[in-house]
Amino acid sequence: MIYTQSPLAIGLFIAFVLFVLGLSFYLARRTSSAEGYYAAGGNIHWMTNGIAFAGDYLSAASFLGICGMIATSGFDGWMYSIGYLGGWVVALFLIAEPMKRLGKYTFTDALDSKFNSKSIQLMAAISTLLVSVFYLIPQMVGAGVLVQPLMGLPHWVGVCIVGVVVTLIVATAGMASTTYVQFFKGAMLLIVSTTMVVMVLFRGLSVTPENDGQPYHDFTTLYTDSALVLEDSSYRVIAGLDSIFGEKGFVKLERNNRESIWKLHPTDEGYRLEETLFTTRLNDGTRLFNGAPAEEGRFFPVGHIKELRVGGEEVAATGPVGPFGFLSALTESTIVLWGTGYVSDGDGITTIYYQKPTPGSQVLRPGLRFKVDNATPMEKFNFMSLMLALFCGTAALPHILIRYYTVPSQAAARKSTIVAIAGIGFFYLLTLFMGMGAMTSGVINLLDNNMSAPLLALSFGVFLFAIISSLAFATVLGTVAGLIVASSGAIAHDLLDNFLGLKMTDRVKVRAGKISALVVGAIAIYLGIVFEGMNVSFLVGWAFAVAASANLPAILMLLFWSKTTARGVAASITVGLFSSLGLILMSPDMWLRYGKLPADAPIQFNSPALISMPLAFAALIVISLLTQKDVNIGHVTEPSGN
Amino acid sequence: MGHGPAVKLGKDNAASFKTSLGIKMFFGYALFYLLFVMLNVFYPKSMEIIVFGQTAAVVWGFSLIILAFVMAVIYNHFCTQAEKRYNN
Numbered sequence: 001m002i003y004t005q006s007p008l009a010i011g012l013f014i015a016f017v018l019f020v021l022g023l024s025f026y027l028a029r030r031t032s033s034a035e036g037y038y039a040a041g042g043n044i045h046w047m048t049n050g051i052a053f054a055g056d057y058l059s060a061a062s063f064l065g066i067c068g069m070i071a072t073s074g075f076d077g078w079m080y081s082i083g084y085l086g087g088w089v090v091a092l093f094l095i096a097e098p099m100k101r102l103g104k105y106t107f108t109d110a111l112d113s114k115f116n117s118k119s120i121q122l123m124a125a126i127s128t129l130l131v132s133v134f135y136l137i138p139q140m141v142g143a144g145v146l147v148q149p150l151m152g153l154p155h156w157v158g159v160c161i162v163g164v165v166v167t168l169i170v171a172t173a174g175m176a177s178t179t180y181v182q183f184f185k186g187a188m189l190l191i192v193s194t195t196m197v198v199m200v201l202f203r204g205l206s207v208t209p210e211n212d213g214q215p216y217h218d219f220t221t222l223y224t225d226s227a228l229v230l231e232d233s234s235y236r237v238i239a240g241l242d243s244i245f246g247e248k249g250f251v252k253l254e255r256n257n258r259e260s261i262w263k264l265h266p267t268d269e270g271y272r273l274e275e276t277l278f279t280t281r282l283n284d285g286t287r288l289f290n291g292a293p294a295e296e297g298r299f300f301p302v303g304h305i306k307e308l309r310v311g312g313e314e315v316a317a318t319g320p321v322g323p324f325g326f327l328s329a330l331t332e333s334t335i336v337l338w339g340t341g342y343v344s345d346g347d348g349i350t351t352i353y354y355q356k357p358t359p360g361s362q363v364l365r366p367g368l369r370f371k372v373d374n375a376t377p378m379e380k381f382n383f384m385s386l387m388l389a390l391f392c393g394t395a396a397l398p399h400i401l402i403r404y405y406t407v408p409s410q411a412a413a414r415k416s417t418i419v420a421i422a423g424i425g426f427f428y429l430l431t432l433f434m435g436m437g438a439m440t441s442g443v444i445n446l447l448d449n450n451m452s453a454p455l456l457a458l459s460f461g462v463f464l465f466a467i468i469s470s471l472a473f474a475t476v477l478g479t480v481a482g483l484i485v486a487s488s489g490a491i492a493h494d495l496l497d498n499f500l501g502l503k504m505t506d507r508v509k510v511r512a513g514k515i516s517a518l519v520v521g522a523i524a525i526y527l528g529i530v531f532e533g534m535n536v537s538f539l540v541g542w543a544f545a546v547a548a549s550a551n552l553p554a555i556l557m558l559l560f561w562s563k564t565t566a567r568g569v570a571a572s573i574t575v576g577l578f579s580s581l582g583l584i585l586m587s588p589d590m591w592l593r594y595g596k597l598p599a600d601a602p603i604q605f606n607s608p609a610l611i612s613m614p615l616a617f618a619a620l621i622v623i624s625l626l627t628q629k630d631v632n633i634g635h636v637t638e639p640s641g642n
Numbered sequence: 001m002g003h004g005p006a007v008k009l010g011k012d013n014a015a016s017f018k019t020s021l022g023i024k025m026f027f028g029y030a031l032f033y034l035l036f037v038m039l040n041v042f043y044p045k046s047m048e049i050i051v052f053g054q055t056a057a058v059v060w061g062f063s064l065i066i067l068a069f070v071m072a073v074i075y076n077h078f079c080t081q082a083e084k085r086y087n088n
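First to last, the protein sequences are chains A and B.
Reminder that position 562 of the first sequence reads as 562 in our numbering, one-by-one numbering, no gaps.
Reminder that position 88 of the second sequence reads as 88 in our numbering, one-by-one numbering, no gaps.
Okay, chain A solo, but in the shape it has when bound:
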């Protein structure tokens, strides 16, 4: 519809895949020990590890999801960037060096370093697997979402391509190949995103954004009297004020056998009608886009400035502009955002996207997505809970934490985290410009805002689009590789080796890890296909909330409270895991997915961290105090002596 299948994008993606596969097979010859497979031998340079951190962390949710959210919701999308980056401060100041000191291959190692407790081994491994799978699903779904428009292939093919390639990468050389895939992907992401932002700033802002030389759609405004008699007599009213459309504030018109829907705005003389975009799902399942099948291409990308102001004066275009000039011009201007309305009539359900001119000063502050103005206590609670989960989730993600085992020292762990903060923080600054650039460049697909960054690139030509698209695939590859390493470690090392006590030789441990990677890869492919259509950022939010609740209280109390016991740690993981999952399953968002009304959900918030995290802390403290006589451990801030 509004996508181009680019041979260049396909070629670049294939070249990247061949490169990483070649690298994986090369590194596989040097990966015969368990240290080599699970921790890349522990000798990765801190600078390489820092960029690999960025490659691991900046997933499809960051690159596609945040840019898309900023493009449609302004500053509220950038709140995710701020929260995610804040999480790295927790990782640096509290977690990085102790993780390196205490663990060997997995997150469970660190938690269990002083106890050798079966309950910790089991619960931490389950938590690792659950968090990793929640994170895996949206990445795999993202792969399918990308491959459909870019290569013209079905969703399941995209999922299979990414699943097979990543499983091969991990099963050949484990953490070594994963590290270098993430390093290249992280470096490419920073370079290409910077290039795109420079191009956005060089092009500047305009009220008539061009899309690779194509003029932007010219939105029509019609005027009527109070009886809805149109000044332009070429239009005929087919659903007026007394129809179901009229009740919802719209009218349906027809001209030259083409139907169109218009938003009603009362004026002194009658009505002003603003053109809309709409999709219709007919009762027989057929989908129409602006009244026609998708192949006719009537549904077009949107996003423009209604009134552009610089220094208080209205202008048509700014020309090249600096980063702060770009943002201040947007702050002064009026930007057209898009509201959504639903009308159900005898033919089917119509979703209508209508123009909502909004002052830039409101776009560049919270409130468009999160309800903060005149919010109810529950809405305030939900917002605070989300910001807590974003802040605390990063330092508890198992696939991120295992990167600390790949460097040779605690100082290297610390320095690689600082490189990660620099790289990820810089990327998150860029997301604001990419998202706002997409919002005002006529490139937003209202049906799927995840494609905003690739479509912004397309507005500069097919070459940049091809690079960004292949990079989006690489983004999925890098993150999924890290997740499969974490999951295979949880199965082979935590469950088989430690929990079940199978006495495995070094060679067998590596083989078990590779077989686990194959199994997890197959599961990931299956889930990626089954969850087609699920919002990419939805499950990432789950993963953060569950990780923050199940893992962070346990690791923090282990490090900083000397009375922590093995049973306390296991109880904390159990309570955090199941309370966060239970609250999510009872949330309004899930009620909607069950096909019920969100208002009927047992709880009225979507983010559970503000309840489940304190519960996990409380469980650890109470159980630890009750089991003091069982185990006496010292404060674990000193080296384990290994």
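Don't take every hint at face value.
Said to hold, decoys possible - Computed list of lysine-lysine pairs in BS3-like fashion (alpha-carbon distance at most 27 Å, straight line):
| # | chain 1 | residue 1 | chain 2 | residue 2 |
| --- | --- | --- | --- | --- |
| 1 | A | K356 | A | K248 |
| 2 | A | K563 | B | K45 |
| 3 | A | K356 | B | K11 |
| 4 | A | K306 | B | K24 |
| 5 | A | K563 | A | K596 |
| 6 | B | K84 | A | K371 |
| 7 | A | K380 | B | K45 |
| 8 | B | K45 | A | K306 |
| 9 | A | K118 | A | K380 |
Said to hold, decoys possible - Pair by pair, the computed Cβ-Cβ distance ranges are:
| # | chain 1 | residue 1 | chain 2 | residue 2 | range |
| --- | --- | --- | --- | --- | --- |
| 10 | B | L35 | A | R369 | 20 to 28 Å |
| 11 | B | H77 | A | I349 | 55 to 63 Å |
| 12 | B | L35 | A | T340 | 49 to 57 Å |
| 13 | A | G461 | B | I66 | 52 to 60 Å |
| 14 | B | L34 | A | I515 | 41 to 49 Å |
| 15 | A | V530 | B | F52 | 32 to 40 Å |
| 16 | B | N88 | A | V622 | 42 to 50 Å |
| 17 | B | H77 | A | P323 | 26 to 34 Å |
| 18 | B | L35 | A | R507 | 51 to 59 Å |
| 19 | A | H45 | B | K84 | 18 to 26 Å |
| 20 | A | P215 | B | F78 | 38 to 46 Å |
| 21 | B | N88 | A | H45 | 34 to 42 Å |
Unchecked claim - Rough simulated footprint, nothing fancy, chain B against chain A, three-plus residues with beta-carbon under 8 Å:
| # | segment |
| --- | --- |
| 22 | 84–98 |
| 23 | 229–236 |
| 24 | 291–300 |
| 25 | 363–369 |
| 26 | 412–422 |
| 27 | 612–625 |
The set of hints was computed from the structure by calculation and includes no laboratory data.
We treat Cβ as the ideally placed atom computed from N, Cα and C, and that holds for glycine.
Please arrange chain B on chain A, whose structure you already have, making use of the hints.
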């Protein structure tokens, strides 16, 4: 049980100093983050105030991201000095 580090680590005499410094710096950043969240929750209009041509929300966002990096560099500086002082 096979939990120790994958590579042999020497004894780090600076660990206590680094832990203490890390906790202090964490609370410093967390307070700044908390203030940002609370302003959004209880005084959302304050985020629309124009400061140096930008909304206060944008200024806060840039500040939080840049502050994280600046604090990280300062933390590393003092940790490196402590490692030299205590481990040599």
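So which hints don't hold here, by number, going up?
2, 3, 4, 5, 6, 9, 12, 13, 15, 20, 21, 23, 24 and 27
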